[in-house]
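Chemist: What follows is the residue order along each chain.
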Amino acid sequence: MTVAKLIDTSLCIGCKACEVACQEWNDQEFTLGVFNNTYQTQPDLTSNFWNLIKFNEHVDDGVNSWLMAKYQCMHCADAGCLKACPAPGAIVQLPNGIVDFNQDNCIGCGYCITGCPFDVPRLSSVTKKVYKCSLCSDRVAAGMTPACIRTCPTNCLTFGSRTDMVQLATARTAELKEDGFKDAGIYDGPGVGGTNVLYVLKHASEPEKYGLPKDPRIPWAVSLWKGPLKWVANAAFLGTAVGAMLHYLKFGPKETHDDEIH
Amino acid sequence: MTTKSIERFSFAERASHWTSALCFLYAAFTGLALWSPRLFWLSGVFGGGETVRAWHPWGGLFFFLALGVMFRRWARQMQLDEDDQVWLAKSHLYAQHIEAGIPESGRFNAGQKMMFWLQSASAFFLLLSGVVIWFPEFAPRPLRLGAILLHPVCAAVSMGGIMVHFYMSTMAVPGSMGAMVRGTVSAGWARSHHGKWFREMGGR
Ligand code: HEM
Ligand code: SF4
Ligand code: SF4
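If you read the sequences in order, they're chains A and B. Under our numbering, the first residue of the first sequence carries the number 1, and numbering increases by one thereafter. Under our numbering, the first residue of the second sequence carries the number 1, and numbering increases by one thereafter.
In case anyone wonders, no lab produced these hints; they're calculated from the structure. Each hint should be verified, as a subset may be incorrect.
Unchecked claim - Mimicking DSSO-like on lysine-lysine, the simulated pairs with C-alpha atoms at most 27 Å apart in a straight line are: (1) A:LYS250 <-> B:LYS4; (2) B:LYS90 <-> A:LYS254; (3) B:LYS196 <-> B:LYS4.
To be verified - Covered by chain A, per the in silico footprint, the following chain B stretches (three or more residues, Cβ under 8 Å): (4) 9 to 18; (5) 161 to 170; (6) 190 to 197.
Claimed, not checked - Anything over 12 Å on all C-beta distances counts as not near chain B; from chain A, calculated: (7) PRO43; (8) ALA147; (9) ASP164; (10) ASP183; (11) GLU255.
Beta carbons: idealized from backbone N, C-alpha and C, even for Gly.
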């Protein structure tokens, strides 16, 4: 069964309880964040801060509001991080759809950072390994819900089978539309085969307003690098080796004419 | 027959050549360990994935520096002249050991000159792209995307070139290994493969 997390951004009040729960459960040391004149805990994700509530400022008809967006790994079906990673076992995709990093196998090359369309993995300068949200794979394996879900006071976050979450998201979208949010919709990254973190957005046609990429896809450069480029190069290596062998068999070595020298 | 031998490569030339060759092989094989998850076992040969990740860039950097020494010494001698243009146009004959119509070469033939420029250019771009991949946390995304394409492309081009270079020096042209190891060649070798250079060195 594929699991999913649903984030109904219209219900987020920015209390950051999920940030605290995430830090607690994953046993992160406390580091002083950077204050940049917003209500956000810090400007961006870091290697020991995997879940950030973004307070996106929004003005509609002269009325200020925040478009809250919980920012973390999206657990993509077609995961760019996994595609880019050279170390077997450093990134694993579990049968339930969770994309998990295993730091024991990570070599710290940072390829996954370049492969991820959502710019999620973060390299620790201390351990030289990469970290991100695990969707609490350990809790889920034990039949519990992720820590952030457990703590959310507003039902903004729900967790369950992906089918159920899509149903719930569809129902919520319909409600929002009834309430006058004509542009309400689901954000689930079809370009990466679907994400296992789903959003309900009031402004679904403009996900940039939430700090989400408009049409997330594995960068074409990464697909080219990990696909055709390697095939062409491998074929060229093979061709060179076979060519050299055939050349030797047909023409042999280049002769040295020693005889006429006196 | 003659036993007379001519000095072809000085100690400094040989030392820089083999330093760069060793660093190149180290960089190439540690790089190949990351080429594909199927080749990751290679990292075990070089001390494990973390070691490879940490040391490959240094191997590459030392390769670049050793090549830089060769570059300073040889860049002028590697300029292509008119005879070299003719040589290149007839290189398919050279490959078949047909000598008629192919101009005699100087100290380096046009093929070797092309190899020199190919390796120099790819080393330069390997360094540029390599530094970007070295510090992913400081490089902006578009730069990283360019670098992860450029680095393996240049690596493949230079490794392919080195395969040809290796074949030529170990099998296709007997005597050339001695030139780079002991530094000397026979007079007959010099005359056969680098006629112009042979006469410059006072041979007839
Ligand atoms: C000139 C200086 C060089 C620097 C700074 C450099 C740096 C890097 C870095 C940082 C990586 C990523 C993983 C790692 O750290 O091991 C890498 C990958 C790689 N390097 Fe280099 N490198 C250099 C030269 C070379 C050379 C001479 C070769 C061999 C021809 C080479 C072949 C490769 C290959 C094949 C990869 C894997 C590419 C891939 O994943 O597709 N590099 N290099
Ligand atoms: S969001 Fe990024 S890190 Fe998470 S699964 Fe997708 S590609 Fe990997
Ligand atoms: S940093 Fe670690 S997880 Fe990321 S691509 Fe490299 S080995 Fe894989």
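Chemist: Using a Cβ cutoff of 8 Å, are there at least 3 residues of the stretch 190 to 197 of chain B near chain A, or does the coverage claim fail?
Modeler: holds (count 3)
Chemist: Would the pair B:LYS196 and B:LYS4 pass a check requiring their Cα atoms to be no farther apart than 27 Å?
Modeler: holds, 18 Å
Chemist: Per the stated criterion, does the least C-beta distance between A:ASP164 and chain B lie above 12 Å, as a non-interface residue requires?
Modeler: Holds: least Cβ distance 34 Å, greater than 12 Å.
Chemist: Would you check chain A against the stretch 161 to 170 of chain B, counting CB to CB pairs closer than 8 Å, and say if three or more residues qualify?
Modeler: holds (count 3)
Chemist: Measuring Cβ to Cβ, find out whether A:ASP183 lies farther than 12 Å from everything in chain B.
Modeler: About 28 Å separates A:ASP183 from the closest Cβ of chain B, which puts it past 12 Å; holds.
Chemist: Beyond 12 Å on every Cβ pair: is that true for A:GLU255 relative to chain B?
Modeler: violated, 7 Å
Chemist: Given that the stretch 9 to 18 of chain B was listed as covered by chain A, double-check it with a C-beta distance under 8 Å for 3 or more residues.
Modeler: Violated, because only 0 residues of the stretch 9 to 18 of chain B bring their Cβ atoms closer than 8 Å to Cβ atoms of chain A.
Chemist: Beyond 12 Å from every chain B Cβ: check whether that's true for A:ALA147.
Modeler: holds, 27 Å
Chemist: Would the pair A:LYS250 and B:LYS4 pass a check requiring their Cα atoms to be no farther apart than 27 Å?
Modeler: Given that 27 Å is the threshold and the Cα spacing comes to 31 Å, the pair is violated.
Chemist: Hint check: B:LYS90 vs A:LYS254, CA-CA at most 27 Å. Holds or violated?
Modeler: Since the Cα atoms of B:LYS90 and A:LYS254 sit roughly 16 Å apart, the hinted pair holds (cutoff 27 Å).
Chemist: Once the closest CB in chain B is found, is it more than 12 Å from A:PRO43?
Modeler: About 15 Å separates A:PRO43 from the closest Cβ of chain B, which puts it past 12 Å; holds.
In this structure, the earlier hints numbered 1, 4 and 11 are contradicted, and the remaining ones agree with it.
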